[in-house]
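Chemist: Given only the sequences and the hints, what does the whole structure look like? Please build it.
Those sequence lines, one after another, are chains A and B.
For the record, in the first sequence the residue sitting at position 360 is 361 according to this note's numbering, with numbers rising by one throughout.
For the record, in the second sequence the residue sitting at position 5 is 6 according to this note's numbering, with numbers rising by one throughout.
Since the hints were derived computationally from the structure, they do not count as laboratory data.
The structure displayed is predicted, hence computed values, not measured ones.
What you were told as hints is all true, and nothing was included just to trick you.
Treat identical chains as interchangeable: a pair holds within one or across any two.
Simulated pairs of lysine-lysine, DSBU-like, Cα-Cα distance not exceeding 35 Å:
| no. | residue 1 | residue 2 |
| --- | --- | --- |
| 1 | Lys257 | Lys367 |
| 2 | Lys371 | Lys197 |
| 3 | Lys283 | Lys362 |
| 4 | Lys362 | Lys16 |
| 5 | Lys367 | Lys197 |
| 6 | Lys108 | Lys65 |
| 7 | Lys367 | Lys173 |
| 8 | Lys257 | Lys371 |
There are 2 protein chains.
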Amino acid sequence: MSTEEILGEALSGIKPDEEDAETLRAVARDIIKILDTNAKNMGLDVYAVHVGSTARNTWLKGTKDIDIFLMFPPETPREKLEEYGLKLARTVSDHCVEKYAEHPYIKTVFEGVDIDLVPCYRVSDSSRIQSAVDRSPFHNRYVQSHIGELCDDARLLKQFTRGAGVYGSELKTQGFSGYLCELLVIYYGSFMNVIKSGANLRRGYVIDVNDHMDHFVEHPEPLIVIDPVDPKRNVAAALSEQKFFEFIDACRRFLKSPSMDMFFPPGIEPIDDEELKELLKKRGTLLVAVTFDSPDIVEDTLYPQLRRVEESVVGLLERHEFKVYRSGAWSDMDKCAIILEMLVWELPDIERHIGPPVDEKEHSLKFLEKYPDAYILGYRYVVDIPRRYTGAIDLIRAKLLTCGLGKNVAGSIREKFDVVTNEEILCLGDDLGKFLRELIRP
Amino acid sequence: MSTEEILGEALSGIKPDEEDAETLRAVARDIIKILDTNAKNMGLDVYAVHVGSTARNTWLKGTKDIDIFLMFPPETPREKLEEYGLKLARTVSDHCVEKYAEHPYIKTVFEGVDIDLVPCYRVSDSSRIQSAVDRSPFHNRYVQSHIGELCDDARLLKQFTRGAGVYGSELKTQGFSGYLCELLVIYYGSFMNVIKSGANLRRGYVIDVNDHMDHFVEHPEPLIVIDPVDPKRNVAAALSEQKFFEFIDACRRFLKSPSMDMFFPPGIEPIDDEELKELLKKRGTLLVAVTFDSPDIVEDTLYPQLRRVEESVVGLLERHEFKVYRSGAWSDMDKCAIILEMLVWELPDIERHIGPPVDEKEHSLKFLEKYPDAYILGYRYVVDIPRRYTGAIDLIRAKLLTCGLGKNVAGSIREKFDVVTNEEILCLGDDLGKFLRELIRP
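Modeler: Below is the structure:
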């Protein structure tokens with residue numbers, strides 16, 4: 002297949018039917034009409050707008066949901082915005098669920114379609130934004146007025162990044178948001194141009210979609226895409242170094258040998274008992290998992306905390322001279338696991354305790370009093386002491402609770418945690434089996 | 002015993018009898034007379050002077066040797082100095098051996114006393130020194146004219162540093178020279194004052210014996226003692242950081258509990274088979290020795306090369322992720338051994354091969370071609386490869402010859418080297434057994 006054929010076939014897998022699209026647009030129109038009417042009846046100076054990928058015609062088949070923003074005057078007090086916003090939203094359906102991102106919004110279903118109803122301020126320009134959600138209508142307007150014929154290219158890029166495992170700006174993935182994909186397509190002019198440029202990206206690259214460079218603020222992120230509606234903001238702020246470089250790699254691999262698989266990678270088989278045993282035997286490493294119940298928090302709160310635990314455990318082990326080959330944090334929102342592949346997990350019975358520099362007399366005398374067997378190594382006193390933890394697992398069991406762990410996860414770990422090894426880890430289920438296959442890769 | 006009694010008793014162990022001293026002085030006078038006469042007969046404008054600790058009355062009982070310098074006019078050509086110097090020296094005895102330090106000199110025995118006969122230039126002041134030996138007569142004059150009543154204090158300091166294992170500026174020890182001991186006693190006014198100040202020394206301390214600070218050149222050494230006869234020179238240049246701090250430690254220990262043992266430490270028993278086995282079992286470490294024949298070179302040439310080998314082997318091991326707990330270099334001038342106490346000496350079957358940063362495209366593509374299984378870790382490509390050396394000993398055997406080794410030692414190692422472990426190491430003899438006891442200390 003030629004690249005064009007591949008893109009065509011990929012698109013046919015992700016582009017909604019015209020019929021579905023029309024239904025969705027009709028639903029959006031209906032809701033807006035209802036909301037506008039009810040707002041008037043409630044005496045509110047508020048109107049509804051359709052935003053997000055369904056409004057921009059860039060959504061992927063099967064992911065249909067409609068974001069409706071309720072536009073309040075900017076001078077509305079915050080409490081009023083929340084109170085009347087939620088009240089107005091609830092007029093759409095009897096089955097509403099209140100959710101909370103930066104501020105509350107309503108989730109409901111209307112004519113079989115998932116709807117998010119989000120109250121926000123209709124500020125006059127993006128520099129007057131009062132909360133992050135106020136930015137969405139600006140993003141919407143920008144994309145709608147610039148994307149022109151490139152809606153399908155945006156769909157391709159979203160699916161491509163999804164296939165590469167780098168789609169989604171939530172904190173679990175730390176990848177590319179939908180808006181970022183749309184901007185890249187607008188900036189480079191086509192899906193293939195994004196891929197070609199992506200293959201040559203370098204850390205720190207700045208994409209200035211709307212010539213806002215003069216307003217530029219330095220960002221430490223690996224990729225900077227200046228938000229055309231808010232030049233101080235980096236649209237790629239959530240993108241991690243790891244995902245940035247994985248994207249570059251995916252672009253190069255696609256250019257080298259384009260394939261449908263890169264858009265729709267085959268499902269990952271969970272690694273099984275025998276296979277894992279065999280693999281670890283061949284590698285000679287020890288696989289360790291610290292497991293605990295997931296606290297009752299959303300993914301976006303959980304993942305940063307899991308990464309914190311991962312860092313803490315790795316730090317704990319390395320400080321005690323054990324050696325971690327690789328690590329990862331996993332959760333299915335029921336159980337969590339920090340996975341460690343160990344290179345060195347047993348150590349001799351002695352360790353060196355490092356004392357003060359010899360020429361710090363007072364510290365030295367105290368150290369010598371405590372450790373009469375101390376001797377000099379270079380410029381310091383040191384002493385050989387019995388190693389407290391000769392095994393990595395004992396160390397984790399004894400010291401995990403002394404580590405920085407993140408608030409909610411700490412509570413959960415304090416209640417109960419386990420340390421399991423090698424194929425025992427698979428008792429956490431198939432999703433972990435998939436995660437392990439990706440982490441270790443045979 | 003009071004400190005004074007200890008010093009008195011220590012002194013009686015190291016101060017030569019008056020009779021011996023008189024004999025020595027008489028021998029020196031006799032030789033000088035002979036040399037001066039023979040010089041005149043040979044038509045040389047040369048005279049002999051007695052230098053060194055026997056001339057300064059600071060030598061230790063049992064270490065009697067006499068240094069006689071043959072003072073040539075500074076305009077004498079170097080070849081003439083050597084030719085006539087050696088010729089004149091040989092007139093003292095029929096049994097002369099030619100030696101070579103910075104330039105040739107004669108070793109002989111006269112009336113039962115070891116004599117060194119060293120030709121040098123009698124330059125008008127120390128800034129005109131043509132070779133290092135020319136400095137000795139200046140040192141001699143300085144000490145003789147400043148030491149006054151402190152000869153015995155100098156003896157005590159020499160013996161004290163010897164007891165602490167830090168006496169001798171040769172490259173094996175990298176400790177305190179006799180001249181340095183004398184200067185310290187002159188500067189501080191007594192042995193006890195040196196010890197008291199020594200206990201408070203700090204790295205980088207500058208001792209300006211003769212107010213030459215204005216000529217001071219910055220030195221990187223841990224202790225700077227500006228040479229009163231040559232202000233650009235650090236008398237303590239040969240002193241290693243390790244020995245400097247060991248001296249400070251010894252001073253503090255002496256002040257805390259003065260004892261004869263610190264002047265005359267009990268002999269070290271070589272560690273024996275059983276004891277070493279027991280000790281290593283308790284520590285859980287592996288002792289490794291790389292052994293080879295000593296090349297036919299003097300200690301001062303050998304030791305820097307041995308340390309180079311030690312550094313190289315430790316670096317080799319650490320680069321391959323093995324872990325060295327401590328190391329040392331030993332020689333009895335027949336055999337040499339680099340000793341390593343290992344904390345980690347076996348590793349799993351995989352290792353991580355680190356590739357280029359992902360955004361270095363050309364390097365990355367080459368790396369991926371070579372390693373199709375490469376994956377991204379942070380900002381780099383890496384790949385898991387079979388570990389070439391899973392054992393430290395295999396690694397040393399395979400790679401020692403690729404290390405930087407020092408010219409002469411490299412030749413010897415290239416001929417043959419062994420890697421032996423644990424109590425096998427003791428086959429190198431009792432001196433190594435002593436060295437091991439000091440290195441490991443139970």
